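Undergrad: Sequence:
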Amino acid sequence: MKAVLLLLLPFPSVLFLTSPIRLFKDLLYPDFDPQQWPIISSTGFLNKFLAGHCFEIFLCTFIVMNVFKCWLVCNKLPLLPLTAAIVTNAACDNDGEIPDDNNSGENLRSNKSDLNLFKQIEHSDPPTSSSRFISLQLAKLAGIYIPLVLLIVWFLGPSVYDRIYHSTGGHCVNHPEIKYYRSCVSKGYRYTGGFKCSGHGLITSTFATCLAKETLSLNNWISYVNNINPLTFRVYRSGHLLVVFTTSLYLCWLTMYTVTCLFYHTFPERVVGTACGCLIFFFVYIKCRL
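All the letters of the sequence shown, read from the start, carry residue numbers 2 to 291 under the working numbering.
What the hints contain is simulated information worked out from the structure, not anything from laboratory work. Hints are supplied without guarantee of correctness; some may be wrong.
Straight line, CA to CA, 25 angstroms or less: simulated BS3-like cross-link-like pairs of lysine-lysine [as the list claims (entries may be wrong)]:
1) 288 with 3
2) 188 with 49
3) 113 with 3
4) 288 with 113
Just so it is clear, the structure is predicted and the values come from calculations on it, not from any experiment.
Based on the provided sequences and hints, a complete structural model is requested.
TA: Pasting the structure below:
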């Protein structure tokens with residue numbers, strides 16, 4: 002549980018550490034325009050790809066990681082079936098719940114999804130266990146995507162963020178008939194005024210922290226499989242390349258978040274976006290332990 006909580010620290014830390022740097026930058030270069038620099042511009046490739054397609058990127062990565070994890074269970078752990086039963090029994094209390102105390106099995110029993118993979122081997126009815134594992138993954142995705150969609154995409158019309166932006170004084174310049182931000186900018190107009198919650202702060206903090214948790218889980222499974230299996234059945238290149246890829250993606254999203262903190266939005270707007278992202282992670286992975 003402590004390791005999961007630590008995953009929440011990088012984004013709030015960047016948020017507060019970049020604040021004095023941004024203040025210093027604004028004092029020395031008050032006319033600095035980030036739009037002139039492609040790598041930090043809102044129209045640059047980094048922003049258009051990693052932010053514009055972040056929903057699809059995370060979903061595809063999430064599916065690949067969990068398919069690979071299932072492959073590990075189906076093709077590697079059955080070599081030593083008793084090990085799974087021993088670890089599963091050690092991980093559960095008398096009621097079958099995940100205890101809170103720390104022991105050697107904590108890394109692979111910190112959430113219901115990983116514990117369910119052990120039961121897939123231990124029980125004599127794999128289809129039932131597989132269905133439950135899939136249900137847990139779908140519930141996890143729903144817990145991540147539904148709040149994001151409501152906040153920045155659609156909430157019975159305009160998103161929650163759009164409604165806040167408009168209700169706090171935001172307006173479409175020279176086009177008062179257009180009420181909301183997304184409708185205004187989609188037509189090429191400029192929207193100003195009001196409190197614009199940081200959408201980039203939201204999506205980068207949410208997807209990056211969730212990806213970090215999934216990467217931690219996958220890495221724990223790879224380590225576990227390699228520890229219990231002989232050399233000829235260990236997982237090396239494929240698993241480690243996947244971990245390297247997800248770690249690189251995490252760092253890209255963290256870089257985007259840092260750019261947002263340094264050049265875009267006010268501090269309160271960044272705080273709201275980051276807080277919402279961290280709350281989504283907290284609810285899915287810590288409160289619900291999915």
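Undergrad: I'd like to know which numbered hints this structure contradicts. Please list them from smallest to largest.
TA: none
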